[in-house]
Amino acid sequence: MALLDYRNDMQRCSRCSLCKWPPLAQIKSWRFSNVCPSMVWGNFHAYSAGGKLIAALSLLDGRIDYSDKFLEIVYQCQMGGACDVSCKVTRDLEPLEVMLELRAKCVEDGQLLPAHMVMIESLRNDDNPMGKLKAERGKWAEGLDVKDITREKADVLYFAGCRYSFDQDLWGIARGAVTLLKKAGVDVGISGKEEACCGGRAYEMGYRGELTKYAEHNIETWNTAGVRTVVTSCSDCYGTFKYHYPKVGKTMNFEVLHITEYLDRLIKEGKLKPTRKVPLQVTYHDPCHLGRLSEAYIPWEGVERKVLGQIVIQDPPKEFRRGTNGIYEPPRDVLKSIPGLELVEMERIKEYAWCCGAGGGVKEAYPDFALWTAKERIEEAEATGAEALVTACPWCERNFRDALEQDGEKMKLYNIVELLLEAL
Amino acid sequence: MALTGNVYQVLEDIVGSENISDEPVILDTYAFQYLAETETGTKFCARPGAVVLPGSTEEVQAIVKTCNRYGVKYKALSTGWGVWNAVSGAGTIQLDLRRMNRILDIDEKNMYAVVEPYVIGAQLQVEAMKRGLNCHIVGAGANFSPLASCTSLCGHGLSGIFMGYSARNPLAVEWVLPTGDILRLGSLGSGAGWFCGDGPGLSLRGVMRGFLGAMGAMGVFTKCAVKLYPWHGPPVLPMQGVTPEYRTSVPDNFRFCAIAFPNWDSFADATYKICEAEIGYVMGRQLPPGLVPLLLARSSAEYAQIRQSGMADEIMQEFKHAFLLVLAGGSLREIEYQEKALREILAETGGWIPSLTQDPEVQKLGFSFMLKADRQALIFKLACTFHTSFGAPTAWDAAVAGAKMGEKIKKKYIEKGVVVDDLADNAWGGPYEQGRFGHLEELFMYDPSDPESAKGAVEYIAEADEAVLKGSLGQPIGALPKQAVNVYGPACFNYQDWMRKLKRAFDPNIASDPISYIE
Chain A
1 MALLDYRNDM QRCSRCSLCK WPPLAQIKSW RFSNVCPSMV WGNFHAYSAG
51 GKLIAALSLL DGRIDYSDKF LEIVYQCQMG GACDVSCKVT RDLEPLEVML
101 ELRAKCVEDG QLLPAHMVMI ESLRNDDNPM GKLKAERGKW AEGLDVKDIT
151 REKADVLYFA GCRYSFDQDL WGIARGAVTL LKKAGVDVGI SGKEEACCGG
201 RAYEMGYRGE LTKYAEHNIE TWNTAGVRTV VTSCSDCYGT FKYHYPKVGK
251 TMNFEVLHIT EYLDRLIKEG KLKPTRKVPL QVTYHDPCHL GRLSEAYIPW
301 EGVERKVLGQ IVIQDPPKEF RRGTNGIYEP PRDVLKSIPG LELVEMERIK
351 EYAWCCGAGG GVKEAYPDFA LWTAKERIEE AEATGAEALV TACPWCERNF
401 RDALEQDGEK MKLYNIVELL LEAL
Chain B
425 MALTGNVYQV LEDIVGSENI SDEPVILDTY AFQYLAETET GTKFCARPGA
475 VVLPGSTEEV QAIVKTCNRY GVKYKALSTG WGVWNAVSGA GTIQLDLRRM
525 NRILDIDEKN MYAVVEPYVI GAQLQVEAMK RGLNCHIVGA GANFSPLASC
575 TSLCGHGLSG IFMGYSARNP LAVEWVLPTG DILRLGSLGS GAGWFCGDGP
625 GLSLRGVMRG FLGAMGAMGV FTKCAVKLYP WHGPPVLPMQ GVTPEYRTSV
675 PDNFRFCAIA FPNWDSFADA TYKICEAEIG YVMGRQLPPG LVPLLLARSS
725 AEYAQIRQSG MADEIMQEFK HAFLLVLAGG SLREIEYQEK ALREILAETG
775 GWIPSLTQDP EVQKLGFSFM LKADRQALIF KLACTFHTSF GAPTAWDAAV
825 AGAKMGEKIK KKYIEKGVVV DDLADNAWGG PYEQGRFGHL EELFMYDPSD
875 PESAKGAVEY IAEADEAVLK GSLGQPIGAL PKQAVNVYGP ACFNYQDWMR
925 KLKRAFDPNI ASDPISYIE
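The listed protein sequences derive, respectively, from chains A and B. Just so it is clear: in the first sequence, position 174 is 174 by the numbering used here, and no numbers are missing. Just so it is clear: in the second sequence, position 430 is 854 by the numbering used here, and no numbers are missing.
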């Protein structure tokens, strides 16, 4: 669908501001009662999801034109989708889809951000948006005794993703994930330097063609390799595989799992047995793309029509993506399986979790905003009394690390994989 | 028309460059408003000349004085939800009070909270509950601003039976008058704190807000003490479930149920008796029959399927003369007494508790949304917007008469196909203050993106106004003041003449934008 197809959604926004807060029933304190980083950072209504719908309508109707401020409003947003969840508690609208289409239109019209252009240039040259050479992609796995699926068969493909592949600080997580899989007896392989970006970040920034290109390439590669399961530790990649890849229309002959889902399964099957105590009180951050944005794509082709006078319905009925079926319990179950470890929850969790701040091209284009967003989350984590913040996404981890370093904060930061490794 | 001269620069000096904008993309998000199509035929009203985000009373005062000095109009909003927030023209400054968002104090002993304009009901409620207190939440839902509702609008929620309504709940107020002077209303003006909204001398609360509220035309309210009420539940209500079906267990000292009656007369009689017995905590017609299927549907398409299949016909029929009720006891003994009193009232009036609301999961759901008023926006789900008609605060029998009249008129518009077929019965409301009075407003749903539907909405409102006048049913709670003065003023001792005199006395430069109030 194109932006124009959502014109009715724009007109039907009631400017109720529900997109600015968690679902109202889930507000637990004044302090942590915002859900939209963009709105808190920008303050003018235009920065909210509702505001962006109005801006899009205004643009379509020729009331306004592109400007630097317009682009700032469009791009100063992590596209984390918490607004979408809050809106859809009571409405059948698609604010996040409108925001994605608005970015796609900006790109089509040549309204680009220099920081994003650098990422896309890198993507086109080296299959990653991080300005790194493709030849260096497999380095994270050097010395790791793991199959290379470009040369030999494996049941399971471990997909590292761009951040784990090129962020040396995080290589240990990816290596740890493979180690855990091998400990559980999983026949696992990697693609090494032949691995390519998932295309999800480009899609979120408005570059649609890149997603299609990588989706087609990756699906074909994995089908040809005959892998039965694709496992990734990257939440962004996971959300992209689950929601965006099915849209390109190619059959996916493999199951997609996030590492936390797979580890949870292996623990419950008795193939991994955490027995060593890890005496730590932790709180878990739900990554947007593993939580509310990880729901599987449900195709819908239909029309809008009216019944019973003015009731607007989708015919056939459409299953709205409301964040209901995100991956919320598996990471928590893994943590709960670790002896001695205590999980305490933050106020904003699961489908209404506050974003880490790194997504949507924000970390690259608006680094101050990205770090501010992370610090807000760290403050929320600290308010639980936990000693450590745990996550399951490299983008969250990178941004939290940067924020903690900048402020000299003492809170510990872990990936679930690290804690599980300690417990084995 | 952009701002003239150096007004923009002066305002920027007051609030800082990051807190003012005249960018068209920013301005249009303030021109776009809920119900705009009923006034302008489009989703947009006039675009303000600039939007300013003050962070303190001092900044508000400086802005207001600047506007008076340069002959520029201004208008403030808090959450900014509704066409009454829109400005009159491009030369007007819009003050978005979003940065003034703190709960300044919760006085447990004297049972009030002092809030700034951008505090919402859901925030205040959770903080109050931690201290054994609760706040009134109006029918718009928990995303409303208690300050705006208390000082500038007319609002009533289903906890009104126990907690009054918007006009009744403000205590002391900090008020930047239209000229920029600061008036501290009630006990605050005597340096005695926030506990009282009146005195010494004559009360100015009527001048401040009148019946419908001045909707931004009488200066800017920067702080307000609002009454809090007892909460006998736990400090935190733990929510179960994942979106969109949040629910919470009913505590042992609470009860939730629907109560149905065979006809409007017994419905009205039972309401009086419940109020006389002083046993209601939250009570009202939250789910008129046509909306009951929303309990079972996640989308409007599912709702339509349920309606069209006939599977909900029996339940809808049962809810024809029904309301939802939450009882709250300070102890288990008290809740047992209340339950016994309710049973006696039902026996006397022929009422019953529908089996639907005896289901444990429906109990959790119903209790949650009655108490937290978190899903009021469901009314937007089916056609994407709604408007209101009828519904004067009046004796309960008269409120019921309004509901009947609303049903009759709406049928015609349903037949025309311009509004949602909600069985012509969407009378929402409840009693206030243990039944001293109450209201039932006839809601109707239409599609704001469909010009025919929006036009039908306007015609329906006009016909409803005429029926209210002919039937002497009282001025509706949902009427917009600037229309109400023309329609209802002549029938009510020309009260608009007094409004105009007050406006001019308090605002000689007409700086505080009168568009939603009176010139």
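Derived by calculation from the structure, the hints in this document are not laboratory data. Glycine is no exception: its CB is placed at the ideal position from the N, C-alpha and C atoms. Treat the hints with care, as some may be off.
Beta-carbon label-pair distances, calculated as ranges [unchecked claim]:
(1) Gln664(B) with Gln281(A): 18 to 26 angstroms
(2) Asp783(B) with Arg124(A): 53 to 61 angstroms
(3) Ser441(B) with Gln168(A): 52 to 60 angstroms
(4) Gln433(B) with Asp109(A): 27 to 35 angstroms
(5) Gln782(B) with Gln281(A): 36 to 44 angstroms
(6) Arg767(B) with Gln281(A): 54 to 62 angstroms
(7) Pro654(B) with Gln281(A): 31 to 39 angstroms
(8) Cys916(B) with Asn325(A): 48 to 56 angstroms
List of simulated lysine-lysine pairs, DSS-like, C-alpha gap at most 30 angstroms [stated by the list, open to error]:
(9) Lys879(B) with Lys318(A)
(10) Lys375(A) with Lys69(A)
(11) Lys832(B) with Lys306(A)
(12) Lys105(A) with Lys318(A)
(13) Lys836(B) with Lys306(A)
(14) Lys336(A) with Lys879(B)
(15) Lys840(B) with Lys306(A)
(16) Lys105(A) with Lys247(A)
(17) Lys182(A) with Lys193(A)
(18) Lys213(A) with Lys271(A)
(19) Lys306(A) with Lys744(B)
(20) Lys336(A) with Lys788(B)
(21) Lys840(B) with Lys318(A)
(22) Lys554(B) with Lys375(A)
(23) Lys318(A) with Lys788(B)
(24) Lys306(A) with Lys835(B)
(25) Lys336(A) with Lys412(A)
(26) Lys132(A) with Lys213(A)
(27) Lys336(A) with Lys132(A)
(28) Lys879(B) with Lys836(B)
(29) Lys153(A) with Lys105(A)
(30) Lys828(B) with Lys306(A)
(31) Lys69(A) with Lys489(B)
(32) Lys879(B) with Lys306(A)
(33) Lys271(A) with Lys318(A)
(34) Lys906(B) with Lys489(B)
Going through the hints against the structure:
1. Gln664(B) with Gln281(A): 18 to 26 angstroms: Check passed, 24 angstroms falls within 18 to 26 angstroms.
2. Asp783(B) with Arg124(A): 53 to 61 angstroms: Given range 53 to 61 angstroms: holds, Cβ gap about 57 angstroms.
3. Ser441(B) with Gln168(A): 52 to 60 angstroms: Violated - the Cβ-Cβ distance for Ser441(B) and Gln168(A), about 40 angstroms, lies outside 52 to 60 angstroms.
4. Gln433(B) with Asp109(A): 27 to 35 angstroms: 33 angstroms, holds
5. Gln782(B) with Gln281(A): 36 to 44 angstroms: 42 angstroms, holds
6. Arg767(B) with Gln281(A): 54 to 62 angstroms: For Gln281(A) against Arg767(B), whose Cβ atoms are near 49 angstroms apart, the range 54 to 62 angstroms is violated.
7. Pro654(B) with Gln281(A): 31 to 39 angstroms: 35 angstroms, holds
8. Cys916(B) with Asn325(A): 48 to 56 angstroms: Holds, since Cys916(B) and Asn325(A) (Cβ atoms, about 54 angstroms apart) stay within the stated range.
9. Lys879(B) with Lys318(A): Satisfied, since the Cα-Cα distance of roughly 29 angstroms is no more than 30 angstroms.
10. Lys375(A) with Lys69(A): Holds, because 25 angstroms separates the two Cα atoms, which is no more than 30 angstroms.
11. Lys832(B) with Lys306(A): Holds, at roughly 23 angstroms.
12. Lys105(A) with Lys318(A): Holds. Lys105(A) to Lys318(A) sits at ~25 angstroms (cutoff 30 angstroms).
13. Lys836(B) with Lys306(A): Given that 30 angstroms is the threshold and the Cα spacing comes to 18 angstroms, the pair holds.
14. Lys336(A) with Lys879(B): 58 angstroms, violated
15. Lys840(B) with Lys306(A): 14 angstroms, holds
16. Lys105(A) with Lys247(A): 19 angstroms, holds
17. Lys182(A) with Lys193(A): At roughly 20 angstroms apart (the allowed maximum being 30 angstroms), Lys193(A) and Lys182(A) satisfy the hint.
18. Lys213(A) with Lys271(A): Outside the cut-off at roughly 37 angstroms; violated.
19. Lys306(A) with Lys744(B): This hinted pair holds, its Cα atoms lying about 25 angstroms apart.
20. Lys336(A) with Lys788(B): Measuring from Cα to Cα gives roughly 28 angstroms; hence the hint holds.
21. Lys840(B) with Lys318(A): 28 angstroms, holds
22. Lys554(B) with Lys375(A): At roughly 26 angstroms apart (the allowed maximum being 30 angstroms), Lys375(A) and Lys554(B) satisfy the hint.
23. Lys318(A) with Lys788(B): With a Cα-Cα distance of about 27 angstroms, the restraint between Lys318(A) and Lys788(B) holds, given a limit of 30 angstroms.
24. Lys306(A) with Lys835(B): Roughly 18 angstroms between the alpha carbons, so the hint for Lys306(A) and Lys835(B) holds.
25. Lys336(A) with Lys412(A): 18 angstroms, holds
26. Lys132(A) with Lys213(A): Holds, at roughly 19 angstroms.
27. Lys336(A) with Lys132(A): Judged against 30 angstroms, a Cα distance of about 37 angstroms means the pair is violated.
28. Lys879(B) with Lys836(B): Status holds; Cα separation ~14 angstroms.
29. Lys153(A) with Lys105(A): 42 angstroms, violated
30. Lys828(B) with Lys306(A): 27 angstroms, holds
31. Lys69(A) with Lys489(B): With a Cα-Cα distance of about 29 angstroms, the restraint between Lys69(A) and Lys489(B) holds, given a limit of 30 angstroms.
32. Lys879(B) with Lys306(A): With Cα atoms ~17 angstroms apart, Lys879(B) and Lys306(A) stay inside 30 angstroms; holds.
33. Lys271(A) with Lys318(A): 39 angstroms, violated
34. Lys906(B) with Lys489(B): 25 angstroms, holds
Of the numbered hints stated above, those contradicted by the structure are hints 3, 6, 14, 18, 27, 29 and 33, listed in ascending order.
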